[in-house]
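Asks: Chains A, B, C and D, in that order, are what the protein sequence lines are.
The numbering used here runs 4 ahead of the 1-based position in the first sequence.
The numbering used here runs 4 ahead of the 1-based position in the second sequence.
The numbering used here runs 4 ahead of the 1-based position in the third sequence.
The numbering used here runs 4 ahead of the 1-based position in the fourth sequence.
Don't read these hints as lab results, they were simulated from the structure.
Incorrect hints may appear among the rest.
In this list, chains with the same sequence are indistinguishable; a pair is considered to hold if it fits within one copy or across any two.
Stated by the list, open to error - Dumping the calculated DSBU-like pairs for lysine-lysine here, alpha-carbon to alpha-carbon at most 35 Å: (1) K171 <-> K132; (2) K132 <-> K217; (3) K11 <-> K132; (4) K217 <-> K41.
Bear in mind that the values here come from a model prediction, so they are computed numbers and not experimental data.
There are 4 protein chains.
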Amino acid sequence: MNTSPIKVTIWNENVHEKTNPAVQKLYPDGLHGTLAKKLASPELAIHTATLDEPEHGLTQDVLNNTDVLLWWGHAAHDRVVDSIVARVQQRVWDGMGIIALHSAHMSKIFRALNGTSGKLHWREVGEKERLWVIDPSHPIAAGLPEHFELPYEEMYGEPFMIAGDAKVILMSWFEGGEIFRSGFTLQRGNGKMFYFRPGHETFPSFYDPNVIKVIANAIRWARPAAFMPYPKTHVPEALENISPKDFDFGKAGIVRE
Amino acid sequence: MNTSPIKVTIWNENVHEKTNPAVQKLYPDGLHGTLAKKLASPELAIHTATLDEPEHGLTQDVLNNTDVLLWWGHAAHDRVVDSIVARVQQRVWDGMGIIALHSAHMSKIFRALNGTSGKLHWREVGEKERLWVIDPSHPIAAGLPEHFELPYEEMYGEPFMIAGDAKVILMSWFEGGEIFRSGFTLQRGNGKMFYFRPGHETFPSFYDPNVIKVIANAIRWARPAAFMPYPKTHVPEALENISPKDFDFGKAGIVRE
Amino acid sequence: MNTSPIKVTIWNENVHEKTNPAVQKLYPDGLHGTLAKKLASPELAIHTATLDEPEHGLTQDVLNNTDVLLWWGHAAHDRVVDSIVARVQQRVWDGMGIIALHSAHMSKIFRALNGTSGKLHWREVGEKERLWVIDPSHPIAAGLPEHFELPYEEMYGEPFMIAGDAKVILMSWFEGGEIFRSGFTLQRGNGKMFYFRPGHETFPSFYDPNVIKVIANAIRWARPAAFMPYPKTHVPEALENISPKDFDFGKAGIVRE
Amino acid sequence: MNTSPIKVTIWNENVHEKTNPAVQKLYPDGLHGTLAKKLASPELAIHTATLDEPEHGLTQDVLNNTDVLLWWGHAAHDRVVDSIVARVQQRVWDGMGIIALHSAHMSKIFRALNGTSGKLHWREVGEKERLWVIDPSHPIAAGLPEHFELPYEEMYGEPFMIAGDAKVILMSWFEGGEIFRSGFTLQRGNGKMFYFRPGHETFPSFYDPNVIKVIANAIRWARPAAFMPYPKTHVPEALENISPKDFDFGKAGIVRE
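Please model the entire structure based on the sequences and the hints provided.
Replies: Quick look at the structure:
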């Protein structure tokens, strides 16, 4: 078993923090700073990165030293450069875990991994959300109560355009009348993804112990056992004898009609 | 029930046909031309399009008049423009069916819909492939025997990097010792996808009646009942009464620590 | 395409109808009688059967003449004979569709098809249920609004112990604070199953047009294209040559350690 | 993390061992005895049980002290008492892992957990089987080569009647021309299942290091974090206020037609 610390990179677009006083007051160190503080543990080696850094702080070297990447974005999805999204996706295919938070449902990387639009219904009035654990045996649900509440959250409602293999761990009930698949896992190549709904920038959800527990559990769950770059591979030699053929495909033209 | 013809667009990169005499001899009308002829039926209104046409022949108007799109590409995946891939993907999300054939497993649209690399092992020696029906009740398997053979094909071997919700209908045995998930379905948004493995350009697989039957069945299966553009939607009014909150999130700063 | 009527058998335990005056008043013809009347259509040939009939009305002959079976049970799951459950399950494996309604989540046939306990949380106070369509492109959702309400229903809450391949079409929001996967599909062998949550015996849900529309859609969706008894099959002759072996397994004893 | 030994019970019907000299010579301690010896590790506390013991050796106490149950059966599926199958299934629902080996595909417990018939095609000539790892990142595949061979095995061929949520980890190529989903996982309730194809009684597959590695990996993977008996639960008190209703369902009779 791997007992070295899990290398975590928390990526945040860090845009609202620069312009919205309410967000500044709530998350003075940025969402990434609060998450880093709340998740701090001897088991984790936490690094942060933001949009405005060179290469968005996601150089090949940073990704090569990341076991699990957290992603929070909202206002600037389009400013994330395609080539860096492709680099992140390749790293997921090789085994890196990724945890997409809240409005990351419309990020390029979320959409690229799901193959879907990521669209949904939403309403921002600060209503009550109750999250139900629907698979209590899943490691991401470890230590959670049967359900827990967030008193003020943005609403996200179904239908949520996600991949068909989304394995749902948490589902939400909203005060205003909607429901939502709030926590689900996917696998893409060798890497694991977890999406977790809460975390609107104007609400204190990242101070909620259950929210932090879910994210901490997901980090441990998403850690790769090993990275396995999967090459497209030409295998010219057959494992079994191949019988002689009466069809010269180099010259072709023999058509069975 | 919809009894009007299904509007089918067969897209082919049409590159090998211009450079390889063996392919020219085998598919003198291009792979798209042979497919159009073999699939011809009063139930289908078939149109073809190729890479070198303006907008690759996939204008918004063409896509708006396509119920099911067939895709064959191999040598020129990178020459397909990203904005047209996005246009095709959006149309799939809205309901258009798509059938990816053979080497389309590395096309941009296949990878975008799966969220994976599409990689696999391969060998091109013209070996025997035997396709087994593993879900005989699926409409795509209608009228097929328990298994059928193609005497000369390129080998594709596992592991095949595809999405976890791939529902496998056909699996292949190869003479040289490999196995492969050769026919599988996915849903992305409102649209259905089918991937079908056979169809290397130097072999006569598109003249095989079982191969054509699978593709014809898949076209009927993938037809959308209706197109449903799914908007990202703001729903400002709640369905239920939302109780007054003691938290002024506009001013924020109340943190439950 | 099959244009003959779909042969539907509506099975009801018909126990509450004999003992509870409220149920008698609400469903004077029994739940099965009301369902038969509400679902009546030239496309359907509807038959009903109840627990107290010989073989519960589910003789081999009745099942052989059933394309889609509806199942409503609650108070008498244990009185359904195991051999008849096995007969129904075999018919599903051969292709018969089955629609399990409401408290059928604890029926022997539901549990046998899911492989799970079928357990859930419940509360019976006649609260509001709002059902959301989460896959609007699915045939079972055809013609439904984005969401619809039932003013008085029993609550069923998560976690709901069902199979992992449950494809969820409808999800419920409950006035009292719970959520639930209220409509999902499964395939077992060649047969399709749909579970639909509403329909408590003391509430008028089976008079609701949207509830009836879901059930009618599900009947059309679950109809088998054909019945395919799947035999366990010995295939003594190999398709390929098998090379001579140096191991006499009849005499055994050669162990590679 | 749980560092105490994993409590493993290896169950074997132990019938062929009593009647077939070839099996006696190959597995003198019984299949269960060989498996116990080959799997022996300080991490595992291994116990064995057989059909002929009282309660088939699967008393409630034995099951309560089992984290992961291995199951090998073939000739005597019908002699396994239903109430003991139900006891095993309940324990799986509560969290116990279960590994079904080879001909256990027709066992009562395999069929009960899948909800399917478990049927397949087969041929017993001692042909070569090559197992391919199709998800190299899965813990059950840890340490395996890309593929490995068993020189003499019974053939199992598709279609294999299993549940739709079977996550396939290994797939087989057979010398005689068939393919098969040879290793797959399921979850039922809180418990995990793994099915693994090899292990015919007249062949030395349980002496093969890769076969043993797969089973050992599966035991570690299937271990429950905790046992969680899931009760069917009445929750009379609502979490939210429920508005007064104008419908007296106790008296019923108000029907919205």
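Asks: All the hints need checking, so say for each whether the structure fits it.
Replies: A quick look at each hint next to the structure:
In this assembly of identical chains, K171 and K132 lie within 35 Å of each other by CA distance both inside one copy and across copies; the values are 24 Å within and 28 Å between. In this assembly of identical chains, the alpha carbons of K132 and K217 lie at most 35 Å apart whether taken from the same copy (19 Å) or from different copies (32 Å). Taking identical chains as interchangeable, the C-alpha atoms of K11 and K132 lie at most 35 Å apart only when both belong to the same chain, with a minimum of 34 Å there against 44 Å between chains. Taking the shortest Cα distances, K217 and K41 sit within 35 Å of each other inside one copy (13 Å), while across copies they are farther apart (41 Å).
In this structure, none of the earlier numbered hints is contradicted; all agree with it.
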